[in-house]
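**Q** Using the hints, put the two standalone chains together into the complex.
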Amino acid sequence: MTILCVKRPLGPSLKTSLCAVTIAITLSLSACSSTSKTLYSEIGGQAKVEQITDNFIEEIGYNKHIVRYFEKTDISRFREKLNEHICMVADGPCEYTGDSMENVHAGMDINENHFNLTVDLLINAMTKADIPHSTQNKLLARFAPMRSEIAFK
Amino acid sequence: MTNLKVLLFLSAVSLVSHAQASQGKLIATAGLLQVEGAGGGGLVPWATLSGYDTQDEISVSAGMTQVSLRDYRLQTVSVNASFYDQVELSLSKQTFDLSTLGGDIKQNIVGIKYRLLGDAVYSKWPQISVGIMHKSLEDKSIANALGASSTSGTDIYLAATKVHLGAVFGYNAVWGLTARATKANEIGLLGFGSENNDSYKVMAEATLGLLFSRNLAIGVEYRQKPDNLGLKEDDWADIFITYIPTKSVNFTLAWTDLGTIAGAPKQQGLYVSISGQLF
Chain S
4 MTILCVKRPL GPSLKTSLCA VTIAITLSLS ACSSTSKTLY SEIGGQAKVE
54 QITDNFIEEI GYNKHIVRYF EKTDISRFRE KLNEHICMVA DGPCEYTGDS
104 MENVHAGMDI NENHFNLTVD LLINAMTKAD IPHSTQNKLL ARFAPMRSEI
154 AFK
Chain D
948 MTNLKVLLFL SAVSLVSHAQ ASQGKLIATA GLLQVEGAGG GGLVPWATLS
998 GYDTQDEISV SAGMTQVSLR DYRLQTVSVN ASFYDQVELS LSKQTFDLST
1048 LGGDIKQNIV GIKYRLLGDA VYSKWPQISV GIMHKSLEDK SIANALGASS
1098 TSGTDIYLAA TKVHLGAVFG YNAVWGLTAR ATKANEIGLL GFGSENNDSY
1148 KVMAEATLGL LFSRNLAIGV EYRQKPDNLG LKEDDWADIF ITYIPTKSVN
1198 FTLAWTDLGT IAGAPKQQGL YVSISGQLF
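First to last, the protein sequences are chains S and D.
Going by our numbering, the first residue of the first sequence is number 4, and it counts up by one from there.
Going by our numbering, the first residue of the second sequence is number 948, and it counts up by one from there.
Hints may be right or wrong, so weigh each one.
Unchecked claim - Computed cross-link-like contacts, DSSO-like style, restricted to lysine-lysine with a CA-CA straight-line distance of at most 30 Å:
1. S:Lys131 / D:Lys1071
2. S:Lys51 / S:Lys75
3. D:Lys1213 / S:Lys40
4. S:Lys84 / S:Lys67
5. S:Lys40 / S:Lys67
6. S:Lys131 / S:Lys75
7. S:Lys51 / S:Lys67
8. D:Lys1040 / D:Lys1213
9. D:Lys1172 / D:Lys1087
10. S:Lys131 / S:Lys84
11. S:Lys84 / D:Lys1071
12. S:Lys51 / D:Lys1071
As the list claims (entries may be wrong) - Derived, one-sided and incomplete: chain S residues facing chain D with beta-carbon distance under 8 Å:
13. Thr121
14. Val122
15. Leu143
In case anyone wonders, no lab produced these hints; they're calculated from the structure.
Predicted model only: the values in this text are computed from it and were never measured.
The beta-carbon is built from N, C-alpha and C at its ideal position, and this holds for glycine as well.
Isolated chain D (complex conformation) (with noise of 0.2 Å):
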């Protein structure tokens, strides 16, 4: 019910904000708000910052997702500020609801992200960004209670991201590439590392889509993940489809397999966002 009405709430302010907006990038080069509150796909971050501002130009989003799947279900709540199109600061809260068992985790997550060189979609070379996320969780007791070392722990990611106007059959292609140095257990909802296991681990995360017209985008992603607490943790991946009807607003349905988590396997379902840039 909550969630409902923060959908409402953004879906009007994102409608009534739409005539000051800013407007400086090509329609649905901006991208969406991930899982963890980052410009980017859906599970991945990309290099590009979100919202439409240029170089003179401050934008704010907010965006929720909810991923369903067979034993528990994810959902995220964003705000996600892009500064001149160069900074990206970022605050997300997960609320991971362990359906089956009953009980929830909380998770608040602070990112940054930083443009280093590269426009995605007008330079010849890939936009190129680095950030930051520090996460915390609000419950210890599930991920002490597994073996994880820490409650709070904090990744650094490199993503490279580069727009191809017109370049498969004449459609515009996007691909991104982030390499994510991280001691997260199921990105730090089991908590951070583990006993045996507590150093950081580089992880390779990847996205490629197309867009089939100024409105419509659909792509896979795959996000590698470590495996510290021995629970045969399960690389991400996921399959979606974008309507980005205007600046405004995007709507994402994406089919998600997040394989096994915490001893329960195939953890499969349908991921629903709505994200939307507020000015």
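Next comes chain S alone, as it looks inside the complex (with noise of 0.2 Å):
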């Protein structure tokens, strides 16, 4: 929308179309959280669950600083509770069922320099399983709180 404000010739409107733009994010801000479809089917599923939950180990793996959290972990186990967590976080018909983010975080002393990278690694996941961005981002606002209950443990 303000790609159509600058090619006009700015006067004082500059000002005015602003507020306009200023008015309008806002309002959407705040009106679409709400949606009849889950964020589940919105990904595509259980198969494009696990296509992310694939692609995110393989990114690990290949990662020199991030696979050493995982030199202990059963990757099948990872994988099976993977799917359930982004499954039921995303509204999905799922429960998650291993442990809490603390429990297994905990004593992983991960700093938030590799937190973020993770994070870096999560949305190569999504791109790589053609999720689209503004989905990928919908994903991610609701794993970012769950940040606190990672990193630093």
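**A** This is the structure in structure tokens:
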């Protein structure tokens, strides 16, 4: 919407259009949180969730900073629990049966840098699974608050 | 010509240093270097610190900005270091060319910003930082001639910034609000205060942006300014598009409306900026 404003010769109207744009964005910030379709179905259901998890495991495997946290991990259990977790967080028909995020990450001493790097790996995993940008963000938004339960433990 | 060299140098350094650079924040959430050298948007400083450093890292960024207006041209060259995503130090040199009248005004800015609390992306509440910018004019004659009471001054600001993941139709949104106590006339280029208006005034500044992909941001900014000199000084506004191909470099194009400056009305024009993380 903003491109339009740039193309026009701008007089005192710039500040007026800024206001209009600002109001529009603010309205959509508050309005667009309610949709009937679940994030799980927007992602593409169980097949896509499993694809994200598999890609994520592969990304971790190739990252020398992150893979060391997984040296003692039972990967098939991790795969199963992460599938459940993504499904549940996205309002899918699953129940997460794994341990709490605090317990899983206890003693790992994950610093901020490695936490954020792992988020980048999750983004790569979603991109490789052809998850649209906006759907990626919605899933990230649901996982982001868990940072305090994962890092610095 | 000098600017072109600086630009080429910055591009080269940022490409070369890509491999070693701090990578610890989500791409595009580190922001840019604003027109006074602080981490922020274009005209407004944000609560976020420059660079992609996290609490174990240091990052150093550099950038340059040129705003071409009807009667003036403003150039800024800045270096900025962020320590442990906690403290940011910046050095900036502004050159304000009086294209129509001839001559220029040079101003040096030293800035420090301290992150008080929060994380713009991950915490529930906004990131809050406090900052100081100390500005001094190299060329004092114009500020004195216009009636400014001082040729150096200090701004103090409090900034709040928040990124909302997937908030607007799935796109990430960022907003920032800054309150700045200042005496500066045209951000200091025309000196500080005047005989009749020499007290600090608190001004509001705001940014609102949308990230349309991991690499593209579009937004608007507004910056309120005092009119100490009685020269009908206007608030500043811009509309920007930023391309962030990697965490090492970003390019910004904006349309700015800086209103009346030193009596010359309708100062609008193109804002071009490049900044990058050196390491």
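**Q** Next, verify each hint and record whether it holds.
**A** We went through each hint and held it up to the structure:
A distance of roughly 29 Å separates the Cα atoms of Lys131 (chain S) and Lys1071 (chain D); the hinted pair therefore holds under the 30 Å criterion. Distance check on the hinted pair: Lys51 (chain S) and Lys75 (chain S) sit about 27 Å apart at the alpha-carbon level, within 30 Å; holds. For a cut-off of 30 Å, the pair hint linking Lys1213 (chain D) to Lys40 (chain S) is broken: about 49 Å separates their Cα positions. Of the pairs offered as hints, the one joining Lys84 (chain S) and Lys67 (chain S) holds, with about 23 Å between alpha carbons and a cut-off of 30 Å not exceeded.
For the given pair, Lys40 (chain S) sits about 38 Å from Lys67 (chain S) by alpha-carbon distance, which is inconsistent with the 30 Å threshold. Our distance criterion of 30 Å between C-alpha atoms is met by Lys131 (chain S) and Lys75 (chain S), whose separation comes to about 26 Å. Between the alpha carbons of Lys51 (chain S) and Lys67 (chain S) the distance comes to roughly 26 Å, so the proposed pair stays at or under 30 Å and holds. Straight-line distance between C-alpha atoms of Lys1040 (chain D) and Lys1213 (chain D) comes to about 25 Å, which keeps the hinted pair within the 30 Å bound.
A threshold of 30 Å between alpha carbons decides the hint, and for Lys1172 (chain D) with Lys1087 (chain D) the separation of about 21 Å falls inside it, so the pair holds. Of the pairs offered as hints, the one joining Lys131 (chain S) and Lys84 (chain S) holds, with about 21 Å between alpha carbons and a cut-off of 30 Å not exceeded. Distance restraint check for Lys84 (chain S) and Lys1071 (chain D): the Cα-Cα separation of roughly 26 Å lies within the 30 Å cut-off, and the hinted pair is therefore satisfied. Only pairs whose Cα atoms come within 30 Å are accepted, and Lys51 (chain S) paired with Lys1071 (chain D) is accepted, the gap being roughly 29 Å.
Given hint, Thr121 (chain S) at the interface with chain D, is violated; its Cβ is 11 Å from that chain's nearest Cβ, farther than 8 Å. Interface hint status for Val122 (chain S): upheld, as the beta-carbon distance to the closest one in chain D is roughly 6 Å, under 8 Å. Checking Leu143 (chain S) against chain D: minimum C-beta separation of about 5 Å stays under 8 Å; hint holds.
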